[in-house]
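Here is how the chains run, residue by residue.
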Amino acid sequence: MNMMHYWRAMWGIIGRELWRFVTQRERFISALVRPLVWLFVFAAGFRAALGLAITPPYETYILYEVYITPGLIGMIQLFNGMQSSLSMVYDREMGSMRILMVCPLPRWFLLLSKLLAGTGVSILQVYVFLGIAWFYDIHAPWQGYLWVLPTLMLSGLMLGALGLLLSSFIKQLENFAGVMNFVIFPMFFMSTALYPLWKMKESSVLLSKLAQYNPFSQAVELIRFALYGQFNQHAFIYTLVAFLVFMAAAIIGYNPSKGMMVKKGGG
Amino acid sequence: MKPAIALSIENLSFSYSGKKALDQVSFNIRAGECTLLLGPNGAGKSTLFSLITRLYDTHEGRIELCGFDIKQQTRQALAKLGVVFQQTTLDMDLTVMQNLRYHTALHGLGRKEAMQRIQQELERLNMFDRRFEKIRQLNGGHRRRVEIARALLHKPALLLLDEPTVGLDVPSRLAIVDYVHQLAADEKLAVLWASHLIDEIYPDDHLIVLHKGQIKANGTVDDVLKITNTTLVKDAFYNLTQGEQA
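Residue numbers (the numbering used here), protein chains in the order written: chain A, 1 to 267; chain B, 1 to 246.
Do not rely on the hints blindly, as some may be mistaken.
Pair ranges (Cβ atoms, derived) [unchecked claim]:
#1 A:His234 <-> B:Glu123: 35 to 45 Å
#2 A:Phe189 <-> B:Gln76: 27 to 37 Å
#3 A:Leu210 <-> B:Gln214: 46 to 56 Å
#4 B:Gly61 <-> A:Pro186: 41 to 51 Å
#5 A:Met4 <-> B:Glu133: 25 to 35 Å
#6 A:Leu207 <-> B:Lys112: 38 to 48 Å
For the record, the hints were derived by calculation from the structure and aren't laboratory data.
Ideal placement from N, C-alpha and C gives every residue a C-beta, glycine not left out.
With the rest of the complex left out, here is chain A:
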């Protein structure tokens, strides 16, 4: 049980996830189509309806498509995080999760590796999306494309950990549809992904408060600032704390002594 064992196992898990993603072409395309439809159709149509003032990190007036891009990056990671947890529920139902759980490594490490693997996949999707957006004339400063990488790691881990936590509570695959409705949509719409906080406040103070405390908003803001070479400390700390809380809860959820696994049935 040495460091080499941990290293090999982690790369084994990440490699498997990446390979699966690359071979499942439909998954790759559908992961890209979703944000692109929002960018090409929704944002283009919405551009005229929504006027945006100059707010940091932007220094000039921007098109709505430019504003929405970090939100759509967040969307890619949100869906990816939920999809990996969906695959964990599926894996658990089908049994392949057991192969992971019976290997002689601490469970927290296995879950973290699985999370890193999912985050890696989401980052791949994000860069392909940013590449396509580039041809659509959505440009960030070149440094922004580098700065955004560490923030994508953190936001991906946070959203993945949330998915992991949810998967530890879900007994059957069918229940997952509810999670999509009750977690993904509220989280996405009650955030700064589509509209800035000040704009939201004009129509509902409560909604803007909810959006402000939504960890997804903070992750989107972290990405938005990083894309323009700036560091949003508040968003960083908020996202980091959210990740740690979700991760700790997920580890407890998957712990056979304390978690939900005990309450799930068997033969």
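Please arrange chain B on chain A, whose structure you already have, making use of the hints.
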């Protein structure tokens, strides 16, 4: 001298919301011994397997693998364990080789050692030529062979098989039964095989009959026939489980 104990279970009990699924279960399995765990549906076989693989936590009783307590020394214990689950746990879109490499990575084997072991196990099962095929392209019997090969890659001391022949045709089933018995004898591997098929039992096997969470018989095939005063395992099983189907 008797072979070493690979699996020791002492006074193991487990309940689901107050309903007892296992009640004071105790038995030992020694190296080189093939133990058939026989029981009707709902007897507690899956619960027992979930406890041995640490999917569920042990609240009452004790499980030891090669002397390591599954609760206190989980990782050392799990390192000694190879498992073939009832449902296929292979990745359908990956090749045989990729599936096996994933397993060797989880067990910390280096590339060279991993490739050697994979070749060795696949050759024993006549599957080496098919290593670059996707699992989806293999039939049920061949998928099972890959799973058995995978379970043996890290050289476990105990092999758990949870009804591995379910859904297979007769020749594939017999080939697997024969192979596992051979493994136990040649490699001194301890085997715990959950089954509900009487014809998978060999005369030299160790037999455990589980019914409603309790052990009804534990011994050699001859012992079990003697205590039930029967000549066929089928009748012995019928007596012990009061007529319930396996």
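Verification of the hints:
At roughly 60 Å, the beta-carbon separation of His234 of chain A and Glu123 of chain B lies outside the given 35 to 45 Å, and the hint is violated. The beta-carbon spacing between Phe189 of chain A and Gln76 of chain B, approximately 49 Å, falls outside the hinted interval of 27 to 37 Å. The beta-carbon spacing between Leu210 of chain A and Gln214 of chain B, approximately 54 Å, falls within the hinted interval of 46 to 56 Å. For Gly61 of chain B and Pro186 of chain A, the Cβ-Cβ distance of about 45 Å falls inside the hinted range of 41 to 51 Å, so the restraint holds.
Between Met4 of chain A and Glu133 of chain B, the C-beta spacing of about 30 Å keeps the proposed range 25 to 35 Å intact. A hinted range of 38 to 48 Å for the beta carbons of Leu207 of chain A and Lys112 of chain B is inconsistent with their spacing of about 59 Å.
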